[in-house]
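Engineer: Each chain, letter by letter, is given below.
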Amino acid sequence: MKLIFEKSVSGRRCTILPACDVAPVSLPASLRRETKPALPEMSETDISRHYTELCKQVHGVNCGFYPLGSCTMKYNPRIDEEMAALPGFTGVHPLSPAEDRRGMQQVLDTAAQYLCEITGMDGMTFQPAAGAHGEFTGVLLIKQYHDARGDKKRTKIIVPDSAHGTNPATAAMCGYDVVNIASGEDGCVDLDALRAVLGEDTAGLMLTNPNTVGIFDKNILEITRLVHEAGGLCYYDGANLNAVMGVVRPGDMGFDCIHMNLHKTFATPHGGGGPGAGAVGCKAFLKEYLPHSALAEEPGHVQVRSFQGNFLVVVRALAYLLALGREGIPEAAENAVLNANYLMAKLRGMYTPAYDRLCMHEFVLDLSGLKKETGVSALDVAKSLIDEGIHPPTMYFPLIVHEALMLEPTETEGIETLDHAAEVLRKLYHKAFEDAESMHTAPHNMPIGRPDEVQAARKPVLRWRNA
Amino acid sequence: MGSYVPSTGAQREEMLRAVGVSSTRDLFRDVPEQMLLTEPLRIPEGMSELEVSRAMTAMAAENRVYGTVLRGAGAYDHYIPSIVKYIPAKEEFLTAYTPYQAEMSQGLLQSIFEYQTMICELTGMDVSNASVYDGATAAAEAAAMCRDRKRRVTLISGAAHPDTINTVRTYCYGTGDELRVVPVKDGKTDMDALRKLLTADVASFYVQQPNFFGQLEDAEALGALTHEAGALYIMGCNPIALAIMKTPRDCGADIAVGEGQPLGLPMGCGGPYLGYMAATDKLMRKLPGRIVGETTDAQGRRAYVLSLQAREQHIRREKASSNICSNEALCALTAGLYMAAMGPDGMAQAAEQSMAKAHYLAGALCAIDGVELAYDGAYFHEFVTHMPRREEVLSALAEGDILGGLPIGEDGVLWCATEKASRAQLDKAVSIVKEVLAK
Numbered sequence: 004m005k006l007i008f009e010k011s012v013s014g015r016r017c018t019i020l021p022a023c024d025v026a027p028v029s030l031p032a033s034l035r036r037e038t039k040p041a042l043p044e045m046s047e048t049d050i051s052r053h054y055t056e057l058c059k060q061v062h063g064v065n066c067g068f069y070p071l072g073s074c075t076m077k078y079n080p081r082i083d084e085e086m087a088a089l090p091g092f093t094g095v096h097p098l099s100p101a102e103d104r105r106g107m108q109q110v111l112d113t114a115a116q117y118l119c120e121i122t123g124m125d126g127m128t129f130q131p132a133a134g135a136h137g138e139f140t141g142v143l144l145i146k147q148y149h150d151a152r153g154d155k156k157r158t159k160i161i162v163p164d165s166a167h168g169t170n171p172a173t174a175a176m177c178g179y180d181v182v183n184i185a186s187g188e189d190g191c192v193d194l195d196a197l198r199a200v201l202g203e204d205t206a207g208l209m210l211t212n213p214n215t216v217g218i219f220d221k222n223i224l225e226i227t228r229l230v231h232e233a234g235g236l237c238y239y240d241g242a243n244l245n246a247v248m249g250v251v252r253p254g255d256m257g258f259d260c261i262h263m264n265l266h267k268t269f270a271t272p273h274g275g276g277g278p279g280a281g282a283v284g285c286k287a288f289l290k291e292y293l294p295h296s297a298l299a300e301e302p303g304h305v306q307v308r309s310f311q312g313n314f315l316v317v318v319r320a321l322a323y324l325l326a327l328g329r330e331g332i333p334e335a336a337e338n339a340v341l342n343a344n345y346l347m348a349k350l351r352g353m354y355t356p357a358y359d360r361l362c363m364h365e366f367v368l369d370l371s372g373l374k375k376e377t378g379v380s381a382l383d384v385a386k387s388l389i390d391e392g393i394h395p396p397t398m399y400f401p402l403i404v405h406e407a408l409m410l411e412p413t414e415t416e417g418i419e420t421l422d423h424a425a426e427v428l429r430k431l432y433h434k435a436f437e438d439a440e441s442m443h444t445a446p447h448n449m450p451i452g453r454p455d456e457v458q459a460a461r462k463p464v465l466r467w468r469n470a
Numbered sequence: 004m005g006s007y008v009p010s011t012g013a014q015r016e017e018m019l020r021a022v023g024v025s026s027t028r029d030l031f032r033d034v035p036e037q038m039l040l041t042e043p044l045r046i047p048e049g050m051s052e053l054e055v056s057r058a059m060t061a062m063a064a065e066n067r068v069y070g071t072v073l074r075g076a077g078a079y080d081h082y083i084p085s086i087v088k089y090i091p092a093k094e095e096f097l098t099a100y101t102p103y104q105a106e107m108s109q110g111l112l113q114s115i116f117e118y119q120t121m122i123c124e125l126t127g128m129d130v131s132n133a134s135v136y137d138g139a140t141a142a143a144e145a146a147a148m149c150r151d152r153k154r155r156v157t158l159i160s161g162a163a164h165p166d167t168i169n170t171v172r173t174y175c176y177g178t179g180d181e182l183r184v185v186p187v188k189d190g191k192t193d194m195d196a197l198r199k200l201l202t203a204d205v206a207s208f209y210v211q212q213p214n215f216f217g218q219l220e221d222a223e224a225l226g227a228l229t230h231e232a233g234a235l236y237i238m239g240c241n242p243i244a245l246a247i248m249k250t251p252r253d254c255g256a257d258i259a260v261g262e263g264q265p266l267g268l269p270m271g272c273g274g275p276y277l278g279y280m281a282a283t284d285k286l287m288r289k290l291p292g293r294i295v296g297e298t299t300d301a302q303g304r305r306a307y308v309l310s311l312q313a314r315e316q317h318i319r320r321e322k323a324s325s326n327i328c329s330n331e332a333l334c335a336l337t338a339g340l341y342m343a344a345m346g347p348d349g350m351a352q353a354a355e356q357s358m359a360k361a362h363y364l365a366g367a368l369c370a371i372d373g374v375e376l377a378y379d380g381a382y383f384h385e386f387v388t389h390m391p392r393r394e395e396v397l398s399a400l401a402e403g404d405i406l407g408g409l410p411i412g413e414d415g416v417l418w419c420a421t422e423k424a425s426r427a428q429l430d431k432a433v434s435i436v437k438e439v440l441a442k
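Just so you know, the sequences run in chain order A and B. For the first sequence, the positions run 4 to 470 when my numbering is used. For the second sequence, the positions run 4 to 442 when my numbering is used.
Simulated from the structure, these hints should not be mistaken for laboratory data. Treat the hints with caution; some may be incorrect.
If you want the footprint, here are the derived chain A segments under chain B, 3+ residues with CB under 8 Å [as the list claims (entries may be wrong)]:
1) 117-123
2) 372-380
Below, computed lysine to aspartate or glutamate pairings styled on DMTMM-like, alpha-carbon distance capped at 25 Å [as the list claims (entries may be wrong)]:
3) K153(B) with D180(B)
4) K462(A) with D300(B)
5) K10(A) with D24(A)
6) K59(A) with D180(B)
Derived list of chain A stretches under chain B, where covered just means 3 residues or more per stretch with a C-beta under 8 Å from a C-beta of chain B [what the hints assert, rightly or not]:
7) 176-187
8) 232-242
9) 329-336
10) 388-400
11) 425-434
Just so it is clear, the structure is predicted and the values come from calculations on it, not from any experiment. Cβ coordinates follow ideal geometry from the N, Cα and C atoms, glycine included.
Can you make the complete structure from the sequences, with help from the hints?
Structural biologist: In structure tokens form, the structure reads like this:
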């Protein structure tokens, strides 16, 4: 498919602006640009067709099953889009007087109130623009807390080896040394390993619960107690909140602060990699350390981006929260967990669950046995699913499971979809024994086959140039 | 109540049987009993779609949308072409995940590759990433790229946006590094002060162009000074201005960043916006976030992939260049679309008209007794005036459906005009100000 630049025709254009109705002014010569930027020159028809062509080579949640573990690819309600597009939200300047932004404040306050109730927290900020950004904000709460107490010896953040890569990266951005602890055989925190690393230098612990293998850590109260006893704080990575919302609250598990991915749990769309929103909640004693905008709110606080965050994403999340309400929130969690367990049950006997027990909202398959027998890897199965119109599960994560495929069906899929996915996976399982070769080279029916990533990294071509 | 769960009661029963439990609550048996919620959440009952629509529309109605916006300060009211609003709402673009699976994401990957190319064209730089959160975080990430073992101090112009300064300060607080703010003189970065502050431990200097006060900085001279001291030079540029303004590359910048909101994104109460980041080839592997690269598949077909992933958190963990994962992909797609719809000439037109209207407004305002420009340097589409009886003036403008400039300092107003304001709208604003001050 041609690039937009290859479709550009010199002199072609859309007519967007009228002629200027005031006297022209020029930049001083020393500040003027010498050559025009080579942006595409297109008619509106060209643009419409180009993006429609691109659109056909994208797999959205609307296209089919998307069991991408830890990403919560649930259906994104259309009404939420319509609400976020209301001129009363889109047309408002973030620095207009407060009395002109009462609706904005109402959205933020209402969303904060509901999310505090769901998570068991006392304060909330919507300034972080994504999950990792929320982690950064949350760990900064921990840092400010220790600093305010003059407790400078706390230099370490503990992270289990099953954690998302953002956790250790976040701790490093906050100036902490990362202490990785090995998970126990059941995939949960090994209490002895935790005790061994806790001490006067512990700033805090970052944990997901349910964890990345889809298991609720039943020792959670003991874990958070131990960390607190050592003088550290507990950070809850809300990536997996969808499993437990309305059922159990991170605040009641002993966590002091939390981030949520509104683009996972609260159904705002992922946008092909953002914008998300990483709301951060905390207990009352941390509220004074929450970020503010130096211009829009009040100076003297930390700040993680301009203004008050990805507001229109919060609008979508609030519309979703209003729709589900107090019964719908736990209903979503229960069905997410039921769907995951049902799909796992359907696959048992062929594929090997990494942890063969009830799971929460997601589960991990260990394909090392299949690979040993047939040579077909987790990657081969994932790529073969693409030909079947199913988005591959998360691959090779968490790092503690070899040949891992991590499936999270979410609550918005029906039994027909789950049965179909199980059927496809069964077919692929048999194919692995009969025709491994074709799986090594899958997918076969897409616009491209497997791209050469080594070449991409060795000889980077990161922009188009006129040949 | 509203629900997006398709399973019926009977289907749920069937599924529970297949799993081998008797109720959904049984699935939560790992959760310690004393932690399970026994009371319903204290939030309202769920709503039908129509009720949601009513409730949200009522909140939106509590906000005020002005017919004329003469305020900028980091969020700009440019005209957004219709097609730019329509295409990103297509569900495929809207609901897809980060394109890790290249074979089923070529459309997304190509759109990012095209966006990267456009940002390179606009800035003159060699390589762009797929976006970060906003202009402020782009500045903070750029500063982090520049630090090495010996050079840890970051300098930022005091004429940068206050939110940018505060965000960079926060990121520096995270890593325990020092931020020094270069003083402002006559609305611009104080060159002499910068010279003194550029010590051997300085990693980078950041300047915003045009700056927070709308003034155009002598960006080339600032860059030369920075390079003489062995530090890297970061420019934060307004992307609309770049259609006509000397590129960061030509001003000597090592990294160009900025707030991409003017490229087709609504003001939206502050977000989502878009941080663009571009750098020289030399700094390519230090850029944070996603970068799309071109390659081929086994049959030699052109293909796009997320590339250079060895920099990123999911591979490097605590040694990653940043923790960024989700970025602002759909906003980058929107910005790309905006640049395509406007084209090089349309972009230049938006820039020239914004500048012309700001100068027209400034000229007319300053013809009023008591109103004068705070700074005498060249400016693009924002400027500061002294304004007697500032609060009265701004309320009178509000009554006339005009959001006036942002009050700053003792008696200052930071004004902004874009191509969206017609001459008649500007004349109306000026006559309101005149009327108030004549009283």
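Engineer: Now, for every hint given, state plainly whether the structure supports it.
Structural biologist: Results of checking the hints against the structure:
no.	hint	in the structure
1	117-123	holds (count 3)
2	372-380	violated (count 0)
3	K153(B) with D180(B)	12 Å, holds
4	K462(A) with D300(B)	15 Å, holds
5	K10(A) with D24(A)	33 Å, violated
6	K59(A) with D180(B)	46 Å, violated
7	176-187	holds (count 4)
8	232-242	violated (count 0)
9	329-336	holds (count 7)
10	388-400	holds (count 4)
11	425-434	violated (count 0)
Violated hints, listed in ascending order, are 2, 5, 6, 8 and 11; each of the other numbered hints is respected by the structure.
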